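Engineer: In order, the protein sequence lines correspond to chains C and S. According to the numbering used here, the first sequence is numbered sequentially starting from 1. According to the numbering used here, the second sequence is numbered sequentially starting from 292.
In case anyone wonders, no lab produced these hints; they're calculated from the structure. Please note that a few of the clues may not be correct.
[Said to hold, decoys possible] Cross-link-like lysine to aspartate or glutamate pairs, in silico, DMTMM-like; alpha carbons within 25 Å at most:
1) K295(S) - E562(S)
2) K502(S) - D28(C)
3) K644(S) - E516(S)
4) K295(S) - E286(C)
5) K207(C) - E516(S)
6) K542(S) - E505(S)
7) K23(C) - D528(S)
8) K271(C) - E352(S)
9) K295(S) - E287(C)
10) K23(C) - E497(S)
[Unchecked claim] Listing some non-contacts, in silico: residues in chain C with all C-beta distances to chain S over 12 Å:
11) D59
12) A105
13) W275
[Unchecked claim] Incomplete in silico selection of chain C near chain S, CB under 10 Å:
14) M21
15) D28
16) R29
17) S60
18) D80
19) H86
20) F92
21) A93
22) Y102
Just so you know, these numbers come straight off a predicted model, no measurement behind them. Yeah, the Cβ is synthetic: ideal placement off N, Cα and C, and Gly gets one too.
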Amino acid sequence: MPVKEQRQAPPPEITQGRHPMEKYLRMDRIPHIWCAGCGLGTTLASFLYAVDDMGLDPDSLAVISGIGCTGRVAGYVRMDSYHTTHGRPIAFATGLKLAKPYTKAVVFSGDGDLFAIGGNHFIHAARRNLDMNVICVNNLNYGMTGGQVGPTTPLGGRCTTSPYGNFEHPFNLVHVAASAGAAYVARWTSLDVRRLQKAIQEMLSRKGFSFLEVIAPCPTNYGRRNKLGSGLDELRYYADHAVIKHGADLSETDMIPGQDFLVGKFVDSEKPTFWEMYQDKVAALEERSSR
Amino acid sequence: MPAKAVLSGVHFMNGDEAIAEGAMAAGCRFFAAYPITPQSEIAERLAARLPRIGGTFVQMEDELAAMAAVVGASWGGDKAMTATSGPGFSLMMENLGLAVMTETPCVLANVQRAGPSTGLPTAVGQGDMMQARWGSHGHYELIALCPYSPQEAFDLTVRAFAMAERFRTPVLIMTDEVVGHMYEKVEIPEEVSEASRRRPQGPPDEFLPFKPDEDLVPPMACTGEGYRIHVTGLTHDERGYPDMSADAQDKLVRRLCDKIRLYPDEYTLWEEHFLEDAEVAIISYGISARVALRAVELARRQGHKVGLLRLVTAWPFPDDLVRRVADSVKGLVTVELNLGQISREVERAVKGKVPQVGVYHSGGRIHRPEEVLAGIEEVL
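If we strip away everything but chain C, and leave its shape as in the complex, we get (with noise of 0.2 Å):
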């Protein structure tokens, strides 16, 4: 039986404009995976005007990636960039950090690969007070994998391997990097452009190990399987749920959904990095022998 011609309509004329951090990217790349609604995009932009903003050489920066959709920013950003394996971006910063003490690093990864298979690496690299800023960008599963279940999914939630909804407690990321020695902590969802800049700005000008959490839709299969609507539909969900609170306890910051919940600041503190513990002992060594 012939099969009926399907016939298609030409594809749209593609009129792109330019992005006004077109400089800090790697244009041949673009575009990019991400899908339409998903947070990636906004929070990318928001370290890149932070970086603009504050006029830092992008020679000065490196950007370490996990795996997973947010670890695809490493693909995209025009400065020395390291896509590494799953769970491994800090213990691959903390060796180029201290081979390179000068160099700014941003570890930008996802809630699965900094909390689930790389939880270990980050606890002690907070603990260390090692000088990077980590960005975790918080989609509440694996996004890359076809939404499974995580480390985040809020109780109840609905992914591919916990299709009758998640019963494991989920981490509170905040709480975990305060209570693990972060200098700076911070949490704002992927609607706060300025907010995130200012943050990002602050990590990138304050030593010591820095967390941003970004809590970002996934309307492709987070907000599909749990009935969030679109990645706009998320956002609005964000604009009448999350409350500043500069400063909060963090044993009140915890996630609940359909409840109000926190973000802000929460943590800003000054404390010697490892790098300057290390340069103290050696300088110490130094004068033991040349007394």
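With chain C's structure known, arrange chain S on it following the hints.
Structural biologist: Chain S only, in chain C's frame:
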């Protein structure tokens, strides 16, 4: 006054310490590791020495992190190294693969103990030889060297750094608990030439970070040098950009293998003892070769024409060398502290032309020369 990186002179030290000294002499300025027996003396020596010579020591939270940090430090421009033993070696396989795929020069010492699993943590083994070759996923080549004395542990560590830079590959030092803990004289020369890294030529705009030179090895640009490189463990093209095609995969993996495979003369090291008139050749490596040499002496005393081929480079396996030795004898005896790993390679190279006997022990102690002698008598 800062301490000396090259500890010139005659020393009494163990194999682990000799590896640490060899690393610093070769220019290693970054070491990351996790404590494990019988590797600890390497880490302890570097923890004491590196801060005094402008280097960095960091004890990581596990061996996954240690190997990842070494790869990161190498991209930061440092000569970098880690050291471990069996269980930690298993954890390092993930980022060893990253080093292979991203062509990151680095050195990994495995002071082998008896496994599987926790096994005999304080006792000798050579059971990781195949893991050294195939332990990370995917198809690849790397270089593995097997010292049989503290002096050689020093010398081979220096060479390992040079080979790592020359081929942009991880190089393994596959030593063992006995060599690691054996104290002997180690002579460190006045000068040791530091391994040098092949640097990019030409303007950054035109630089393709994974475009190889004629010898299939690309020059290496590091962090903060203006090249704005992208480095990924994904299959990539010459720009370093992901390319998800089967063609790109095949092209890249073949080059990664060929860049090493095609230059055996630059890394194949071995030693021959009494092979000129030998009717039986023992093939061994590391501590087992040392016992085998004693067995050769005993056999010679009994009038048997026996020689020893000591493999210093285990990987890539020296097929031609083994074949040449096999052609000149009537039988082969392979001696190793596992139940037959390198002997499989010997069999593969020799293709059954001469009989081969394996003298195996699964570790916990070294062979007795008499056991090797019994193996010799079996093929005579």
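Engineer: Taking the hints in turn, state whether each one holds.
Structural biologist: Results for each hint:
A threshold of 25 Å between alpha carbons decides the hint, and for K295(S) with E562(S) the separation of about 32 Å lies outside it, so the pair is violated. Our distance criterion of 25 Å between C-alpha atoms is met by K502(S) and D28(C), whose separation comes to about 18 Å. Restraint check: the Cα-Cα separation between K644(S) and E516(S) comes to about 55 Å, which exceeds 25 Å; the hinted pair is violated. Distance check on the hinted pair: K295(S) and E286(C) sit about 13 Å apart at the alpha-carbon level, within 25 Å; holds.
Restraint check for K207(C) and E516(S): the C-alpha separation of about 22 Å stays at or below 25 Å, so the hint holds. About 15 Å separates the Cα atoms of K542(S) and E505(S), which keeps this hinted pair within 25 Å; it holds. Distance check on the hinted pair: K23(C) and D528(S) sit about 22 Å apart at the alpha-carbon level, within 25 Å; holds. Note on K271(C) and E352(S): the hinted pairing holds, with a Cα-Cα distance of about 21 Å set against a maximum of 25 Å.
Restraint check for K295(S) and E287(C): the C-alpha separation of about 16 Å stays at or below 25 Å, so the hint holds. Our distance criterion of 25 Å between C-alpha atoms is met by K23(C) and E497(S), whose separation comes to about 17 Å. Remark: the non-interface label on D59(C) conflicts with the geometry, its nearest Cβ contact in chain S lying 5 Å away (cut-off 12 Å). Remark: the non-interface label on A105(C) conflicts with the geometry, its nearest Cβ contact in chain S lying 9 Å away (cut-off 12 Å).
Its beta-carbon lying about 9 Å from the closest one in chain S, W275(C) breaks the requirement of being farther than 12 Å from that chain. Annotation: interface hint on M21(C) violated; nearest CB of chain S at approximately 15 Å, more than 10 Å. For the restraint placing D28(C) at the interface with chain S, the shortest Cβ-Cβ distance is roughly 8 Å, inside the 10 Å limit, so the hint holds. Proximity of R29(C) to chain S holds as hinted, the smallest CB-CB distance being about 6 Å (cut-off 10 Å).
Using the Cβ-Cβ criterion of 10 Å, the hint placing S60(C) at the interface with chain S is satisfied: the shortest such distance is roughly 7 Å. With a cut of 10 Å, the hint placing D80(C) at the interface with chain S holds, because the nearest CB-to-CB distance is about 5 Å. The interface hint given for H86(C) is met, as the beta carbon of that residue sits about 8 Å from the closest beta carbon of chain S, less than 10 Å. Below 10 Å, beta-carbon pairs count as interface contacts, and F92(C) has one with chain S at about 4 Å; its hint therefore holds.
Satisfaction of the interface hint for A93(C) is found here, the shortest Cβ-Cβ separation to chain S being roughly 6 Å, below the 10 Å cut-off. Interface restraint check: Y102(C) against chain S, minimum CB-CB distance 8 Å, threshold 10 Å, status holds.
Hint compliance for this structure: hints 1, 3, 11, 12, 13, 14 are broken, all remaining hints hold.
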